[in-house]
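Okay, so the sequence shown: first residue is 360 according to my numbering, each after it adds one.
Hints in this document: simulated from the structure, not taken from any laboratory. Keep in mind that this is a model prediction, so the values were computed, not measured. For every residue, glycine included, the Cβ atom is placed at its ideal position computed from N, Cα and C. Heads up, a few of these hints could be off.
[Said to hold, decoys possible] With a straight-line cut-off of 20 Å between C-alpha atoms, the simulated SDA-like cross-links for lysine to any residue are:
#1 Lys-524 to Gly-418
#2 Lys-524 to His-371
#3 Lys-524 to Ala-488
#4 Lys-526 to Ala-489
#5 Lys-526 to Val-492
#6 Lys-526 to Thr-487
#7 Lys-526 to Val-369
#8 Lys-392 to Ile-479
#9 Lys-392 to Leu-496
#10 Lys-392 to Val-466
#11 Lys-524 to Gln-493
#12 Lys-392 to Ile-414
#13 Lys-392 to Val-369
#14 Lys-392 to Leu-372
#15 Lys-392 to Val-513
#16 Lys-392 to Phe-480
#17 Lys-524 to Ile-500
#18 Lys-524 to Leu-496
#19 Lys-526 to Ser-384
#20 Lys-524 to Leu-372
#21 Lys-526 to Ala-488
#22 Lys-526 to Leu-372
[To be verified] What follows is a list of derived Cβ distance ranges for each label pair:
#23 Thr-404 to Thr-373: 31 to 41 Å
#24 Asp-433 to Pro-370: 19 to 29 Å
#25 Asp-398 to Thr-487: 50 to 60 Å
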Amino acid sequence: MAKLEQQTIVPHLTLQALTAAELMSDNPISLRKNAGIRDAIALMTDRGFAAAPVIDESGRPIGVITVTDILIHDREFVSYLKTGDPTVKGKLRTHARLPADMGIEVVDRTTIGEIMTPAIFTVMENATAAAVVQTLLSLRIHHLFVSDRQGILVGVISMGDILRKLK
360 MAKLEQQTIV PHLTLQALTA AELMSDNPIS LRKNAGIRDA IALMTDRGFA
410 AAPVIDESGR PIGVITVTDI LIHDREFVSY LKTGDPTVKG KLRTHARLPA
460 DMGIEVVDRT TIGEIMTPAI FTVMENATAA AVVQTLLSLR IHHLFVSDRQ
510 GILVGVISMG DILRKLK
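With the hints as constraints, model all of the structure from the sequences given.
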């Protein structure tokens, strides 16, 4: 006797948004290009962001800083001076009174303008939701910024924003 398998019917999900304006999170937090990397790390970790637009003095977007940009920079930059290193000034060795095997971290003064991705992908507020999804997929990016007619950023769309609109 053959056993009949019970099939579970899974409903199709539908995107409950027609435009970029309906998908986006309002008012993306941005950083100035002269901000330090530690500032970006603090902002992004405190707010749970993986990317932030970088703006110039007039507030126009000039790039994007991502967690990946920071990790790549950090992997390549971090270095320590040993107290026996001849590049360390004698006064520092004398006054610090550190054991020879202890290191001194070099302060990273790199700005996010130096390591940001110098391009920012945007769509207009009235772009269709289908165009937004297609743009994210075709460019293989995780964040798409939304701008108004004047080119001012008014929102950001992440994959999480899209998933939240699926019903």
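Going down the list of hints, with the structure as the test:
Our distance criterion of 20 Å between C-alpha atoms is broken by Lys-524 and Gly-418, whose separation comes to about 29 Å. As the CA atoms of Lys-524 and His-371 are separated by approximately 13 Å, the hinted pair is consistent with the 20 Å bound. Pair hint Lys-524 plus Ala-488 holds up; C-alpha atoms about 10 Å apart against a cutoff of 20 Å. For the suggested pair Lys-526 and Ala-489, the alpha carbons sit about 15 Å apart, so the restraint of at most 20 Å is met.
Taking the CA atoms of Lys-526 and Val-492, the gap is about 16 Å. The hint holds against a cut of 20 Å. The straight-line distance between the Cα atoms of Lys-526 and Thr-487 is roughly 18 Å, inside the 20 Å bound, and the hint therefore holds. A threshold of 20 Å between alpha carbons decides the hint, and for Lys-526 with Val-369 the separation of about 12 Å falls inside it, so the pair holds. Restraint check for Lys-392 and Ile-479: satisfied, since their Cα atoms lie roughly 13 Å apart, inside the 20 Å limit.
At most 20 Å may separate the alpha-carbon atoms for a hinted pair to count; Lys-392 and Leu-496 exceed this at roughly 28 Å. A distance of roughly 18 Å separates the Cα atoms of Lys-392 and Val-466; the hinted pair therefore holds under the 20 Å criterion. As the CA atoms of Lys-524 and Gln-493 are separated by approximately 16 Å, the hinted pair is consistent with the 20 Å bound. The suggested pairing of Lys-392 with Ile-414 holds, with an alpha-carbon distance near 6 Å, which does not exceed 20 Å.
This hinted pair does not check out: Lys-392 and Val-369 have alpha carbons roughly 47 Å apart, beyond 20 Å. With a C-alpha separation of about 40 Å, the suggested pairing of Lys-392 with Leu-372 is violated against the 20 Å cut-off. About 18 Å separates the Cα atoms of Lys-392 and Val-513, which keeps this hinted pair within 20 Å; it holds. For the hint pairing Lys-392 with Phe-480, the CA-to-CA distance comes to about 17 Å; that is within 20 Å, so the pair holds.
At roughly 19 Å between alpha-carbon atoms, Lys-524 and Ile-500 fall within 20 Å of each other, so this suggested pair holds. This hinted pair checks out: Lys-524 and Leu-496 have alpha carbons roughly 17 Å apart, not beyond 20 Å. A C-alpha spacing of about 18 Å is found between Lys-526 and Ser-384, which places the hinted pair at or below 20 Å, so the restraint holds. Note on Lys-524 and Leu-372: the hinted pairing holds, with a Cα-Cα distance of about 10 Å set against a maximum of 20 Å.
Simply put, Lys-526 and Ala-488 have alpha-carbon atoms about 14 Å apart, close enough for the 20 Å limit, and the pair holds. Taking the CA atoms of Lys-526 and Leu-372, the gap is about 5 Å. The hint holds against a cut of 20 Å. For Thr-404 and Thr-373, the Cβ-Cβ distance of about 34 Å falls inside the hinted range of 31 to 41 Å, so the restraint holds. Against the hinted window of 19 to 29 Å, the Cβ-Cβ separation of Asp-433 and Pro-370 comes to about 44 Å, which falls outside the hint.
The beta-carbon spacing between Asp-398 and Thr-487, approximately 36 Å, falls outside the hinted interval of 50 to 60 Å.
In summary, the numbered hints that this structure violates are 1, 9, 13, 14, 24 and 25.
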